[in-house]
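Engineer: For reference, the chains in residue letters:
There are 2 protein chains.
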Amino acid sequence: MTVEGLPMAVPAEGLPARVRIHEVGARDGLQNEKTAVPTAVKAEFIRRLAGAGLTTIEATSFVHPKWVPQLADAEELFPQVAGLDAALPVLVPNQRGLDRALALGAEYVAVFASATESFAKANLNRTLEESLAVFEPVVRRAKDEGVRVRGYVSMCFGDPWEGPVPLAQVARVCGALRDMGCDELSLGDTIGVATPGQVRALLALLNERGVPTDAIGVHFHDTYGQALANTLAALQHGVTTVDASAGGLGGCPYAKSATGNLATEDLVWMLHGLGIETGVDLGRLTATSVWMAEQLGRPSPSRTVRALSHKDQ
Amino acid sequence: MTVEGLPMAVPAEGLPARVRIHEVGARDGLQNEKTAVPTAVKAEFIRRLAGAGLTTIEATSFVHPKWVPQLADAEELFPQVAGLDAALPVLVPNQRGLDRALALGAEYVAVFASATESFAKANLNRTLEESLAVFEPVVRRAKDEGVRVRGYVSMCFGDPWEGPVPLAQVARVCGALRDMGCDELSLGDTIGVATPGQVRALLALLNERGVPTDAIGVHFHDTYGQALANTLAALQHGVTTVDASAGGLGGCPYAKSATGNLATEDLVWMLHGLGIETGVDLGRLTATSVWMAEQLGRPSPSRTVRALSHKDQ
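First to last, the sequence lines map onto chains A and B.
Here the first sequence stands for residues 1 to 313, numbered as in full-length UniProt numbering.
Here the second sequence stands for residues 1 to 313, numbered as in full-length UniProt numbering.
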């Protein structure tokens, strides 16, 4: 995949020198596929992502297979990729999921909370407080075992049922996750409605409440095309962990190839253009997403993947 | 088209209170259609854009019909929309084009220059200097007639033949257009490769060379998904004129419904989210783009148009 010296690197003031990309395609992307992807393809996808220089690759989820049948092969998949030179976080919804992950030697897990009552109810079938109460012993035990813990917070900027979400409510959930012992948070704009001022305001409030910026990752969706502008705002605030999905896989609530997750390639284009190090080889990453799109039988929604792969034809 | 109180308006520091959107869909969008759109549809499109609150709507081009047959009906179209409550700039490539536009009472015209030799040659079949020499008497005469003049500069951030474009070269072309008398410039990222640091660097250099920020508009393409992040960077520099195309029409160099131009709806979502006034009614604008997509027989590539129109189904 040819990149031809583009993008031209022109740094801007006040941005971090290096960003850690938290790659979610293999988990957040593939769990949204109608049909489960074969385990061997998942393993090869993760190997290629690592080969493209991604250092944090969310591998799978230890949710009950009844809820996410697409990732029912977690026990089979994880050992196939465990030796790679990359951190491989996995989702754990409860104690049972944590047990399964720990038994396989997982060193990095994530719990999945909601900033709103409506989504806690819809996604987890619990009240917000009940869901936090479930996570508390999970996080504690993971920390006792020396495992790194990420706390996802979804619906941080808007909720399909509740509309705009008060920042103080988001901060309260974030605070609770930090108090339990989460090493890092991932602020999710699950329905993609956020804009840059809202991003800056939430980050400032979290800092005020004692959450340091280096414990915060951002997870933007591109439903309204805002993900990269919001990322720029977060970088300007000092955020250095950004979630993205190779090829823009996953979270397609509306249309075929409509993007949910920010595409890793679009993110890398901006970061490299800003002279920010990621360790990622954009050409190899794009080739990986083109390969994965072939496996899935439909084109990648990433604009960068489309532009670069058409260039080569 | 329902917008439901979203996006939530959270202003950010250091941004303008109001932005003027220079809507290019009717010209830049429709000139890229394979088949010419009927004049009545074009006129209705422009009327609906004005009805949605857009105040600057580029209407058509007085280029020779041999080069742009899609806009060969300029003489017929312009009088049909001339009474609208919006500024209606038109493209004029040379003296003959300016004569035609002035005869119809145009009060705002645009010339179309290139920042690179390769594109001047490919697009205008002239050297860069020759093309500037053609524009000089056009701009002068327009100014003598009391007509506002915009100078487009394409390939400001990268060129498909030359690769990265030196900022000083862009600044030289911009300076030449200003010296001729252009009231405003539009900095085009024709192949969509720019990133925010490059945008800030070019704006700073233009200021240094005596071009004030209020004489600068930005024209980003979304080929690599960077348009809105680049727009945010330009707003942070103080730019208050942003080009966009309703529904993301136009400039689809690679794939069906792949975006070239920044979609006006995606831009408006960010601006309104930042509390920046545009005068645009996002619901009416989106409805206009859905209507136009029906006329063209394919879905809009704008993410906001897709998300909002699926919400209503």
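Since the hints were derived computationally from the structure, they do not count as laboratory data.
Keep in mind it's a predicted model, so treat the numbers as computed, not measured.
Yeah, the Cβ is synthetic: ideal placement off N, Cα and C, and Gly gets one too.
Watch out, some of these pointers could steer you wrong.
[As the list claims (entries may be wrong)] Now the in silico label distances, taken between C-beta atoms and shown as ranges:
no.	chain 1	residue 1	chain 2	residue 2	range
1	B	R126	A	V41	50 to 56 Å
2	A	G181	B	A17	40 to 46 Å
3	A	E76	B	R18	54 to 60 Å
4	A	G283	B	R126	31 to 37 Å
5	B	G275	A	G238	37 to 43 Å
6	B	L104	A	T213	54 to 60 Å
Engineer: Compare the structure with each hint and give your call.
Structural biologist: Verification of the hints:
no.	hint	verdict
1	B/R126 / A/V41: 50 to 56 Å	52 Å, holds
2	A/G181 / B/A17: 40 to 46 Å	44 Å, holds
3	A/E76 / B/R18: 54 to 60 Å	57 Å, holds
4	A/G283 / B/R126: 31 to 37 Å	36 Å, holds
5	B/G275 / A/G238: 37 to 43 Å	23 Å, violated
6	B/L104 / A/T213: 54 to 60 Å	57 Å, holds
Violated hint for the displayed structure: number 5, the only one.
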